[in-house]
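In case you want the letters, here they are:
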Amino acid sequence: MVAEGIAKRFGRRWALRGASFRAEPGSVQAVMGPNGSGKTTLLRIVSTSLRPTRGSGFIFGHDLLRDADLIRGDVGVLYHAAGVYGDLTARENLEFARRMWGGAVAASVDAALERVGLTHAAADRAAGFSSGMTRRLALARLIMRPPRLLLLDEPYASFDAAGIELVHEIVRETAARDGIVLISTHDAERSAVVVDGVLRLKDGRVVPEEAPGLDPVRLAVEGAL
Amino acid sequence: MSERIDQRRAGVERAPAWLVVASAVALAAVIGAQIFGFRTSPPDMAMGDLQKIMYVHVPAAWNAFLAFFVVFWASVVYLWRRTERADLLAASAAEVGAVFTGLTLLLGSIWGRPTWGVWWTWDARLTSTAVLFIIFVGYLALRSFTDDPDRRGRWSAAVGIFGALNVPIVYMSVRWWRTLHQVQSTPETLSPAYRAALRLNGLAFLLLLIVFIAWRYRAARIERRAELVAEEAALQGSGLHV
Amino acid sequence: MKGRRGVLIVGTVLVLSGFGYLVWGGLGSNIVYFLTPTELLAKGSAAYEAPVRLGGQVVAGSIDWDPGALDLRFQLSDGTSSLEVRSKGAPPAMFKDTMGVVVEGTLNRAGVFESTNLMVRHSNEYTAPPEGHRPVDTYQTLIREEDDG
Amino acid sequence: MSVRSEAGRVAAVAWKDLTAERRSKANFNAVLFLAALMLLMFGFALGPDTATLRTAAAGIVWLTVLFSGTLAFHRSYQVELERGALETLLLYPGGRSSIFLGKLLANLAFVLLVEAVLIPLATVLYDVPVGRVTWMLAVVVFLGTFGFVTLGTFYASMASRSRAREVLLPLLLFPMLVPVLVAAVEATAALLGGDLMAESGRWVRLLVAFDVIFLGAAIVAFGAVIEE
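Residue numbers (the numbering used here), protein chains in the order written: chain A, 4 to 228; chain B, 22 to 263; chain C, 123 to 271; chain D, 626 to 853.
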């Protein structure tokens with residue numbers, strides 16, 4: 004994955020001002036930076052949800068702008084807003100996702116619910132879920148159809164220890180399949196156990212790492228400061 | 022600070038010579054054609070000098086339709102190629118077209134009062150012109166409510182295309198619905214005394230339309246360029262705001 | 123990309139066939155804007171109390187206008203048969219003998235057409251006056267008639 | 626990207642929207658109540674004269690459907706915007722026109738259900754005899770509603786994400802609906818009035834052409850409109 008000079012403008016504000024980076028298949032990158040530095044925007048652009056105002060990129064050999072349709076099927080996301088329909092039950096939410104994928108899934112709805120520990124709540128409406136449960140439901144979607152490009156936005160928020168372990172399992176599985184993982188987070192300590200490198204964003208640009216190959220734990224700790 | 026200066030510099034850029042000349046020619050053509058119309062055409066049998074309204078009303082209507090055709094065409098090009106120029110051209114043509122349509126409606130109303138006895142009547146041509154006017158007012162409103170240039174371009178292109186597609190259907194449906202308005206005048210039904218003047222005015226207004234669109238398009242380009250310059254400044258500098 | 127092209131083709135075909143149907147589907151031709159008195163009378167008993175548009179020419183000398191009661195009666199003819207039309211309210215300025223008019227309303231059991239809306243068929247001809255004619259006269263007559271209404 | 630898998634996606638979106646609607650019900654009841662109220666208010670505004678009401682009935686019913694149905698279109702996109710669902714929805718593979726068609730079907734079912742209550746109510750309130758023409762009337766109602774819902778679903782995808790959404794949707798949608806309103810009202814009125822001038826067929830054919838044209842344009846343009 005290569006991104007070159009990605010910039011995005013919202014109205015009169017630049018959220019990104021020319022971010023460039025590359026990520027190899029099988030790697031896990033932490034995207035770090037203070038609030039408003041453009042982390043979420045970067046993930047949304049890479050996921051093809053947003054078109055960059057400027058810049059270009061290639062993901063798995065596909066042009067980010069021209070072939071967004073081809074990239075889309077390989078992308079899995081876990082965002083703040085979980086993309087869960089409150090009026091549907093947990094099972095119906097996953098059933099909807101399965102049908103939108105055309106029925107081809109790696110894990111069944113029940114298996115996915117089982118793994119994220121929501122079997123007991125399968126028939127409950129998602130509107131009544133706690134935010135942790137809602138995000139577990141979104142994780143179940145990632146389990147049903149493992150993506151090649153996994154994008155996690157603040158994945159540690161509202162998860163308990165078991166939930167975080169589940170997130171890390173999914174991250175490791177994706178990397179093991181030669182997928183790419185980008186994790187936007189403030190929590191350097193937690194992410195340190197899975198990440199291979201850090202993309203540090205400041206004012207909408209990537210700050211170059213002065214010495215690549217440093218101990219990821221140290222880098223991560225610095226990022227938190 | 023530097024943004025302001027750049028904007029001003031962009032603003033004082035001189036208009037191209039052809040546009041200035043063409044504007045002068047268009048203005049002279051409209052005045053000349055109007056004088057020609059008043060001089061040469063005798064008062065109409067039925068409505069007397071009121072017929073002179075035709076020399077503005079009809080050319081404005083023709084050219085408004087032409088402007089909306091430009092909107093349609095430019096919108097299709099924008100959705101196809103995503104070239105910003107097409108979006109700006111569509112917006113310029115829509116603005117000028119809306120003004121011409123408004124003029125047509127206003128004069129038509131003034132003309133209708135003494136001849137039909139009413140300011141407004143629910144016939145095919147009036148109603149479809151009014152609907153067309155509202156559609157493109159909606160188009161302009163949508164543009165003003167949308168900040169992101171990319172989204173603004175895509176949305177207004179869709180509205181422009183739908184609006185243009187709707188025009189013939191509106192016309193057909195209201196034509197069956199009410200058929201009070203006379204059938205379109207053709208050279209055969211129009212006395213030769215009026216024909217030349219009407220054609221001359223049609224051409225003069227066409228020139229006016231082109232010049233108006235060109236000026237609006239130029240202004241839109243300058244606005245965009247100023248925006249881009251400011252964008253560039255914000256990109257280079259430390260502030261996140263344009 | 124392949125799917126998008128498919129959608130583009132299907133959509134364009136739909137739009138074009140819709141317009142094709144409008145233009146060549148015979149929708150525009152053989153439209154009956156109004157029935158003539160002969161046609162309406164031919165409907166027999168179905169003609170009564172059903173909303174229709176009736177068109178024809180005002181029979182010369184048949185206009186009976188009562189400005190006080192805003193009551194207008196005249197004979198409408200298509201050359202073969204004629205019907206008595208009764209209309210409430212002031213007629214349009216251009217309403218006069220031998221003018222083509224279209225009225226909307228229903229035929230009552232008494233055989234009188236009760237009009238709710240009277241429209242003058244406005245000619246699309248713009249004619250220069252013959253030599254020596256003073257168009258101002260015609261024009262002023264129009265205004266005056268309209269003021270009366 | 627076969628036709629079959631796209632059809633599956635259309636069905637999935639329609640099923641999802643309708644299930645959500647069935648669960649909450651609040652929206653359906655609110656729209657229905659508003660529509661019934663409008664029928665009553667039109668009655669009061671036009672006076673108690675049965676003949677007047679009967680003549681105006683076709684126009685009143687269609688206008689009521691238009692005003693109350695517009696509320697349904699916003700909700701159709703509101704559920705997508707509440708928890709960032711739209712972004713996830715757009716990441717599913719396949720064409721965006723399937724999302725449009727799915728939403729179109731759900732909205733169509735919604736408005737037709739409202740009409741199923743509204744129209745019988747109107748025939749009672751305004752004393753309109755429909756016995757002889759029920760089937761033709763159903764065809765006219767379906768075609769008119771289809772055109773209305775096609776444009777409504779399309780325009781709401783923009784208006785509901787815009788700043789001035791309450792104003793913008795009617796401003797964009799209503800002038801576009803003039804032909805469908807005219808054709809539907811005229812066809813309905815002609816049917817109810819005995820159709821002496823054989824006009825209803827022509828209006829029905831115009832409605833068909835209208836529906837086809839805007840369905841075609843909407844599925845092409847929707848992809849460009851919905852993306853960010």
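No lab work stands behind these hints: they were computed from the structure.
From the three backbone atoms N, C-alpha and C, an ideal C-beta is built for every residue, glycine too.
Heads up, some of the hints might be wrong.
Claimed, not checked - With a straight-line Cα cutoff of 20 Å, these simulated SDA-like cross-link-like pairs (lysine to any residue) come out: (1) C/K165 x D/R757; (2) D/K650 x A/G131; (3) C/K210 x D/K650; (4) D/K650 x A/D127; (5) C/K210 x D/R757; (6) D/K650 x A/D90; (7) A/K205 x B/Q257; (8) A/K205 x B/E253; (9) A/K205 x B/A254; (10) D/K650 x A/A130; (11) C/K218 x B/L224; (12) C/K165 x D/D674; (13) C/K210 x D/T680.
Said to hold, decoys possible - So the derived label-pair ranges between C-beta atoms look like this: (14) B/A240 x D/P673: 16 to 22 Å; (15) D/A789 x C/V181: 36 to 42 Å; (16) C/T220 x B/W39: 33 to 39 Å; (17) D/L696 x B/P135: 41 to 47 Å; (18) B/A240 x A/G39: 31 to 37 Å; (19) B/A240 x D/V628: 27 to 33 Å; (20) D/P745 x C/V181: 44 to 50 Å; (21) C/G190 x D/M666: 48 to 54 Å; (22) D/V628 x C/T160: 51 to 57 Å; (23) A/G29 x C/G128: 33 to 39 Å; (24) D/D674 x C/T220: 32 to 38 Å; (25) D/L696 x A/S161: 48 to 54 Å; (26) A/F61 x D/R648: 56 to 62 Å.
Said to hold, decoys possible - Chain A is faced by these chain B residues, among others (derived, beta-carbon under 10 Å): (27) S165; (28) D169; (29) P170; (30) E244; (31) E252; (32) A255.
- Message: Looking only at beta-carbon atoms, does the pair B/A240, D/V628 fall within the given range of 27 to 33 Å?
- Response: Violated: the Cβ-Cβ distance is about 47 Å, outside 27 to 33 Å.
- Item | Restraint check for D/K650 with A/A130, where alpha carbons must lie at most 20 Å apart | holds (15 Å)
- Query: Keeping to a limit of 20 Å between CA atoms, is the pair of C/K210 and D/R757 held or broken?
  - Reply: violated (32 Å)
- Query: Taking the CB of D/P745 and the CB of C/V181, does the distance hold inside 44 to 50 Å?
  - Reply: holds (47 Å)
- Can the suggested window of 51 to 57 Å be confirmed for the beta-carbon pair D/V628 and C/T160? At roughly 55 Å between Cβ atoms, C/T160 and D/V628 fall inside 51 to 57 Å, so the hint holds.
- Message: Given the hinted pair C/K165 and D/D674, is their Cα-Cα distance within 20 Å?
- Response: violated (29 Å)
- Whether the CB-CB distance between D/L696 and B/P135 falls inside 41 to 47 Å: At 44 Å between Cβs, range holds.
- Task: Just tell me: holds or violated, for the beta carbon distance of D/D674 and C/T220 against 32 to 38 Å?
- Result: 37 Å Cβ-Cβ, so the 32 to 38 Å window holds.
- Message: Taking the Cβ atom of C/G190 and the Cβ atom of D/M666, is their distance within the range 48 to 54 Å?
- Response: violated (37 Å)
- Query: Should the hint that B/E244 touches chain A count as held when the rule is a Cβ pair under 10 Å?
  - Reply: Where the cut-off is 10 Å and the nearest Cβ of chain A is about 14 Å from B/E244, the hint is violated.
- Item | Pairwise hint evaluation, A/D90 against D/K650, where the allowed Cα distance is 20 Å at most | holds (10 Å)
- Task: Starting from the hint 56 to 62 Å, judge whether the C-beta atoms of A/F61 and D/R648 obey it.
- Result: violated (43 Å)
Comparing the model with each numbered hint stated earlier shows that hints 3, 5, 11, 12, 14, 15, 16, 19, 21, 25, 26, 27, 30 do not hold.
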